[in-house]
Amino acid sequence: MAGRQPRFNQTTLIDTTPLPAEIPPVTEIGSSSAPLLSASFFIGARCKPYNDDFMQCKSESNGKGEIDCLKEGRKVTRCARSVIEDVNKHCLEEFRKHWTCLDNNNQQLWQCRPAEWKLNKCVFDNLKLEKVIPDTPAGETPVHLKKRSTYSHHGP
Amino acid sequence: MLFAVAGVVTFGFWKVGRGIREQNELAREKMWSRIHLIPLLTAEEDRDLVRRHYADQAREKELLGSQTSPYNSDRFVRPTFAITPSQKSK
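Keeping their order, the protein sequence lines are chains A and B.
Position one of the first sequence corresponds to residue 1 (UniProt numbering), numbered consecutively onward.
Position one of the second sequence corresponds to residue 1 (UniProt numbering), numbered consecutively onward.
Just to be clear, a hint being listed does not mean it is correct.
Where chain A lies over chain B, by a calculated footprint (3+ residues, C-beta under 8 Å) [said to hold, decoys possible]:
#	region
1	10 to 22
2	68 to 78
Lysine-lysine pairs mimicking DSSO-like chemistry, simulated, CA-CA at most 30 Å apart [said to hold, decoys possible]:
#	chain 1	residue 1	chain 2	residue 2
3	B	Lys30	A	Lys97
4	B	Lys61	A	Lys64
5	A	Lys128	A	Lys147
6	A	Lys128	A	Lys48
7	A	Lys64	A	Lys89
8	B	Lys30	A	Lys128
9	A	Lys71	B	Lys61
10	A	Lys48	A	Lys89
11	A	Lys118	B	Lys30
12	A	Lys121	A	Lys75
13	B	Lys15	A	Lys146
14	A	Lys58	A	Lys75
15	B	Lys30	A	Lys121
16	A	Lys71	A	Lys48
17	A	Lys58	B	Lys30
18	A	Lys118	A	Lys97
19	A	Lys48	A	Lys118
20	A	Lys48	A	Lys64
21	A	Lys97	A	Lys147
22	B	Lys30	A	Lys71
23	A	Lys58	B	Lys61
24	B	Lys30	A	Lys146
25	A	Lys97	A	Lys64
26	A	Lys147	B	Lys15
27	A	Lys146	A	Lys89
28	A	Lys147	A	Lys118
29	A	Lys89	B	Lys30
30	A	Lys147	B	Lys30
31	B	Lys30	A	Lys48
32	A	Lys97	A	Lys146
33	A	Lys146	A	Lys48
34	B	Lys30	A	Lys75
35	A	Lys75	A	Lys89
36	A	Lys121	A	Lys97
37	A	Lys97	A	Lys71
38	A	Lys71	A	Lys89
39	A	Lys75	A	Lys64
40	A	Lys71	A	Lys58
Calculated from the structure, these hints are not laboratory results.
Even glycine gets a Cβ: it sits at the ideal position worked out from N, Cα and C.
Construct all of the structure, not just a fragment, from the sequences and the given hints.
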């Protein structure tokens, strides 16, 4: 057992000072984990260059990445936000169904394949973003397209 | 009898193998979804840290009139302690 009681001080850990004015503001992504998980592969499909840029900047800035990589970070956030906004605009219903399903199923992606297929189809038709899992073994159906899922509650 | 048992066991292991393969793929899917999200989450957190850092520095400047770093390097150090207000305010 830990020797020190945990203290949850999130309610008092408040510092409302805004960023200095010379740093351009950016609207935060502002969505919770399930929508993000649901949209993650679309974010990855559209924003991979920005993401890679940001991570490279972070790893190359010798521990000063927090301050030096703000610009790249803003690009990452803007790009991800644009994806979420586009998905909301074109596929709101499917998106909502999928992430509600994820929320209700412990965020296990394999429980929500039917909703995911609908969302993927809608997003591909409207935004041309496709879910691709890299490094999937060749000659095998990607796991998100398999019709039978061994671990799903709703039968294989 | 022996052949029947061998058959059942073979079938069982075949199923187990398929299950493990599928689990590996599910793990890969989850990992990649996380990989796609991590830059976004890191960027958001970094902005918050930098905001607090600058606020801390401004507060230090205001209170002490000077800024001194306790560290012998110019790396960004995540603050171990944070100042909390003495009373809650909106």
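A quick look at each hint next to the structure:
1. 10 to 22: holds (count 3)
2. 68 to 78: Coverage by chain A holds for the region 68 to 78 of chain B (4 residues, Cβ < 8 Å).
3. B:Lys30 x A:Lys97: It holds: about 19 Å lies between the C-alpha atoms, which stays within 30 Å.
4. B:Lys61 x A:Lys64: holds (21 Å)
5. A:Lys128 x A:Lys147: At roughly 23 Å apart (the allowed maximum being 30 Å), Lys147 (chain A) and Lys128 (chain A) satisfy the hint.
6. A:Lys128 x A:Lys48: Within the cut-off at roughly 15 Å; holds.
7. A:Lys64 x A:Lys89: violated (37 Å)
8. B:Lys30 x A:Lys128: It holds: about 22 Å lies between the C-alpha atoms, which stays within 30 Å.
9. A:Lys71 x B:Lys61: Holds. Lys71 (chain A) to Lys61 (chain B) sits at ~26 Å (cutoff 30 Å).
10. A:Lys48 x A:Lys89: holds (21 Å)
11. A:Lys118 x B:Lys30: holds (19 Å)
12. A:Lys121 x A:Lys75: Between Lys121 (chain A) and Lys75 (chain A) the Cα gap is close to 27 Å, so the pair holds against 30 Å.
13. B:Lys15 x A:Lys146: holds (16 Å)
14. A:Lys58 x A:Lys75: holds (14 Å)
15. B:Lys30 x A:Lys121: Roughly 20 Å separates the two Cα atoms, so the pair holds.
16. A:Lys71 x A:Lys48: Satisfied, since the Cα-Cα distance of roughly 16 Å is no more than 30 Å.
17. A:Lys58 x B:Lys30: With a Cα-Cα distance of about 23 Å, the restraint between Lys58 (chain A) and Lys30 (chain B) holds, given a limit of 30 Å.
18. A:Lys118 x A:Lys97: holds (9 Å)
19. A:Lys48 x A:Lys118: This hinted pair holds, its Cα atoms lying about 23 Å apart.
20. A:Lys48 x A:Lys64: With a Cα-Cα distance of about 22 Å, the restraint between Lys48 (chain A) and Lys64 (chain A) holds, given a limit of 30 Å.
21. A:Lys97 x A:Lys147: Cα-Cα ~19 Å, so holds.
22. B:Lys30 x A:Lys71: Judged against 30 Å, a Cα distance of about 28 Å means the pair holds.
23. A:Lys58 x B:Lys61: holds (28 Å)
24. B:Lys30 x A:Lys146: holds (16 Å)
25. A:Lys97 x A:Lys64: Distance ~41 Å between Lys97 (chain A) and Lys64 (chain A) Cα, so the pair is violated.
26. A:Lys147 x B:Lys15: holds (17 Å)
27. A:Lys146 x A:Lys89: holds (28 Å)
28. A:Lys147 x A:Lys118: holds (13 Å)
29. A:Lys89 x B:Lys30: Holds, at roughly 26 Å.
30. A:Lys147 x B:Lys30: holds (18 Å)
31. B:Lys30 x A:Lys48: holds (17 Å)
32. A:Lys97 x A:Lys146: holds (20 Å)
33. A:Lys146 x A:Lys48: Holds, at roughly 25 Å.
34. B:Lys30 x A:Lys75: At roughly 24 Å apart (the allowed maximum being 30 Å), Lys75 (chain A) and Lys30 (chain B) satisfy the hint.
35. A:Lys75 x A:Lys89: holds (21 Å)
36. A:Lys121 x A:Lys97: Distance of about 14 Å is within 30 Å: holds.
37. A:Lys97 x A:Lys71: Not satisfied, since the Cα-Cα distance of roughly 34 Å exceeds 30 Å.
38. A:Lys71 x A:Lys89: holds (27 Å)
39. A:Lys75 x A:Lys64: holds (18 Å)
40. A:Lys71 x A:Lys58: holds (11 Å)
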